[in-house]
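**Student:** All chains, full assembly: derive it from the sequences and hints.
Converting from the sequence shown to the working numbering requires adding 246 to each position, the first position being numbered 1.
These aren't lab readings, by the way, just hints derived from the structure by calculation. Keep in mind that the hints are not guaranteed to be accurate.
What the hints assert, rightly or not - 30 Å max Cα-Cα, derived DSSO-like pairs, lysine-lysine: (1) K360 <-> K294; (2) K417 <-> K431; (3) K778 <-> K737; (4) K273 <-> K445; (5) K334 <-> K269; (6) K334 <-> K445; (7) K360 <-> K737; (8) K434 <-> K332; (9) K273 <-> K334; (10) K739 <-> K351; (11) K349 <-> K431; (12) K269 <-> K438; (13) K305 <-> K417; (14) K351 <-> K294; (15) K434 <-> K269; (16) K423 <-> K360; (17) K273 <-> K332; (18) K737 <-> K445; (19) K417 <-> K395; (20) K334 <-> K417; (21) K431 <-> K334; (22) K306 <-> K431; (23) K433 <-> K415; (24) K433 <-> K332; (25) K305 <-> K349; (26) K306 <-> K269; (27) K334 <-> K395; (28) K351 <-> K434; (29) K294 <-> K306; (30) K415 <-> K445; (31) K269 <-> K431.
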Amino acid sequence: DLEFAMEPDVASDFLCLYLILPKYQDKEEVVLWMNTVGPYHNRQETYKYFSLPFCVGSKKSISHYHETLGEALQGVELEFSGLDIKFKDDVMPGTYCEIDLDKEKRDAFVYAIKNHYWYQMYIDDLPIWGIVGEADENGEDYYLWTYKKLEIGFNGNRIVDVNLTSEGKVKLVPNTKIQMSYSVKWKKSDVKFEDRFDKYLDPSFFQHRVGFDPGWVNFLCTYLCVSYMQDRDLGDEYGWKQVHGDVFRPSSHPLIFSSLIGSGCQIFAVSLIVIIVAMIEDLYTERGSMLSTAIFVYAATSPVNGYFGGSLYARQGGRRWIKQMFIGAFLIPAMVCGTAFFINFIAIYYHASRAIPFGTMVAVCCICFFVILPLNLVGTILGRNLSGQPNFPCRVNAVPRCCVRSFKAVLMFLLRYFIFTSFWAYKIYYVYGFMMLVLVILCIVTVCVTIVCTYFLLNAEDYRWQWTSFLSAASTAIYVYMYSFYYYFFKTKMYGLFQTSFYFGYMAVFSTALGIMCGAIGYMGTSAFVRKIYTNVKID
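**Tutor:** In structure tokens, the structure reads:
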């Protein structure tokens, strides 16, 4: 017997499948959906279940459509199994179909077994995993698991638990017939319906030691305060006070800079709102609900992008505000969609279920042009009118002073790599409270380190702090993407063009988005710090 064991990180991806479903009556039909099949080590390389030459049961077919945008983007391909299952009605072991195994079908099964193919099914939106087959120790003979033993737990008139045991190992021999069989055993369970996804969580998550040391933050804050108090007593001829006439000068390339800041603020708003919603409400309503929620929140928060980007561009004296608005609105969508469409071509070549349907592409484009762009325009107009006027505590000199880039500030960029190592190398299994804690720590450390970098820069009488504050904070993305290479080669067994492209493509998108968000957080915090210290400077 073989009972397929599911890894916690695989199970966590399906925690979002919780759905308030109708209650069952005795002997009411229960549908077993076949979803996808694919290599065990390549989680995103999935294909339709019946792309392998499995046979289907005799029961009349039921069609399924993508219920949400997130479901379509995640490659969910539900197909009816054809098995006759009724609520609380046990089914004795019996054959439901027969495979006429010719050489072509055998080769397909052998390829799947060599690559450790596993498949996924759903009963009442509860995910089930099974393995296709196995090879002998010498790798010469291959066997197919032909018997699906289902054990379904119920509490009242609700399904609360499903387990699959694969049995019936049959050797693959060409020009033979293989009988596929199944059985269903119903058992009463004490698991509550609202707790039925608990078994998919990783119980060992909180046993990990998260090595973040708050002493780093205390050290940076204390050092900055002591340095500032000492410098304040040294007179106006020292360090950062010398650049008071240039520190609020517009940054170089203000159009790109303001678009990046606006996009970063929007990404932060999306992260914050999605985590809060996940903590308060159950996002397990249906497959792909987390992705659908993130897309909806991103579109709804487009005014945040326009407001912060547009107001910053106006304060820096920018005149091409329409161009800035377009760049800010489409910066992130263009990056995500460009990567997705590139990977989509590879998915189409592989005939993978991850290939995005044309209708879904059209829907995403409509969201960009008819939702994100208009809302971004509203935010831009509000930002320019409400906070677009320069209100600097120091007058900006007509002629900029010469300055030399401080090497101290560059050295401080490297400090954040060691700080973020303490908590960015751990996986989060849908523990949204912990995710919120990580976000808060990330913001605190980002602001503190960026302020220290900027303070060193200003002390070196270099007033070009805007891009420095953004890039020093955004440098986190470099570390994250570098770590993704280590994780790929030493922590996983991924292989193949599709999986490799998918992994590094979307890790590049994630790292870039993280860098833009951290850069915006660093700039906003540093901007408040710079305004504060120069407000207290007495200038004749």
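**Student:** Determine for every hint whether it applies to the structure shown.
**Tutor:** Hints and how they fare:
About 18 Å separates the Cα atoms of K360 and K294, which keeps this hinted pair within 30 Å; it holds. Distance hint between K417 and K431 is fulfilled; the C-alpha atoms sit about 27 Å from each other, no more than 30 Å. Between the alpha carbons of K778 and K737 the distance comes to roughly 46 Å, so the proposed pair goes past 30 Å and is violated. With a C-alpha separation of about 27 Å, the suggested pairing of K273 with K445 holds against the 30 Å cut-off.
Distance restraint check for K334 and K269: the Cα-Cα separation of roughly 13 Å lies within the 30 Å cut-off, and the hinted pair is therefore satisfied. Proposed proximity of K334 and K445 is supported: the alpha carbons are some 22 Å apart, at most 30 Å. Distance restraint check for K360 and K737: the Cα-Cα separation of roughly 21 Å lies within the 30 Å cut-off, and the hinted pair is therefore satisfied. Among the hinted pairs, K434 with K332 is consistent with the structure: their alpha-carbon atoms are about 15 Å apart, no more than 30 Å.
At most 30 Å may separate the alpha-carbon atoms for a hinted pair to count; K273 and K334 meet this at roughly 6 Å. Under the criterion of a C-alpha separation no larger than 30 Å, the hint pairing K739 with K351 is consistent with the structure, at around 27 Å. For the proposed pair K349 and K431, the alpha carbon gap of about 35 Å is over 30 Å, so the pair is violated. A distance of roughly 14 Å separates the Cα atoms of K269 and K438; the hinted pair therefore holds under the 30 Å criterion.
Restraint check for K305 and K417: the C-alpha separation of about 27 Å stays at or below 30 Å, so the hint holds. Using a Cα cut-off of 30 Å, the hinted pair K351 and K294 holds, with the two alpha carbons roughly 16 Å apart. With a CA separation close to 15 Å, the supplied pair K434 and K269 stays within the 30 Å bound. Straight-line distance between C-alpha atoms of K423 and K360 comes to about 21 Å, which keeps the hinted pair within the 30 Å bound.
A C-alpha spacing of about 5 Å is found between K273 and K332, which places the hinted pair at or below 30 Å, so the restraint holds. At most 30 Å may separate the alpha-carbon atoms for a hinted pair to count; K737 and K445 meet this at roughly 24 Å. Simply put, K417 and K395 have alpha-carbon atoms about 19 Å apart, close enough for the 30 Å limit, and the pair holds. Between K334 and K417 the CA atoms are separated by roughly 34 Å; this puts the pair beyond 30 Å, and the hint is violated.
The hinted pair formed by K431 and K334 meets the criterion: a straight-line CA distance of about 8 Å does not exceed 30 Å. Note on K306 and K431: the hinted pairing holds, with a Cα-Cα distance of about 22 Å set against a maximum of 30 Å. Between K433 and K415 the CA atoms are separated by roughly 26 Å; this keeps the pair inside 30 Å, and the hint holds. Between K433 and K332 the CA atoms are separated by roughly 13 Å; this keeps the pair inside 30 Å, and the hint holds.
Using a Cα cut-off of 30 Å, the hinted pair K305 and K349 holds, with the two alpha carbons roughly 28 Å apart. Straight-line distance between C-alpha atoms of K306 and K269 comes to about 23 Å, which keeps the hinted pair within the 30 Å bound. At roughly 15 Å between alpha-carbon atoms, K334 and K395 fall within 30 Å of each other, so this suggested pair holds. Between K351 and K434 the alpha-carbon distance is near 40 Å, which puts this suggested pair outside the 30 Å criterion.
Pair hint K294 plus K306 holds up; C-alpha atoms about 19 Å apart against a cutoff of 30 Å. Pair hint K415 plus K445 holds up; C-alpha atoms about 28 Å apart against a cutoff of 30 Å. As the CA atoms of K269 and K431 are separated by approximately 19 Å, the hinted pair is consistent with the 30 Å bound.
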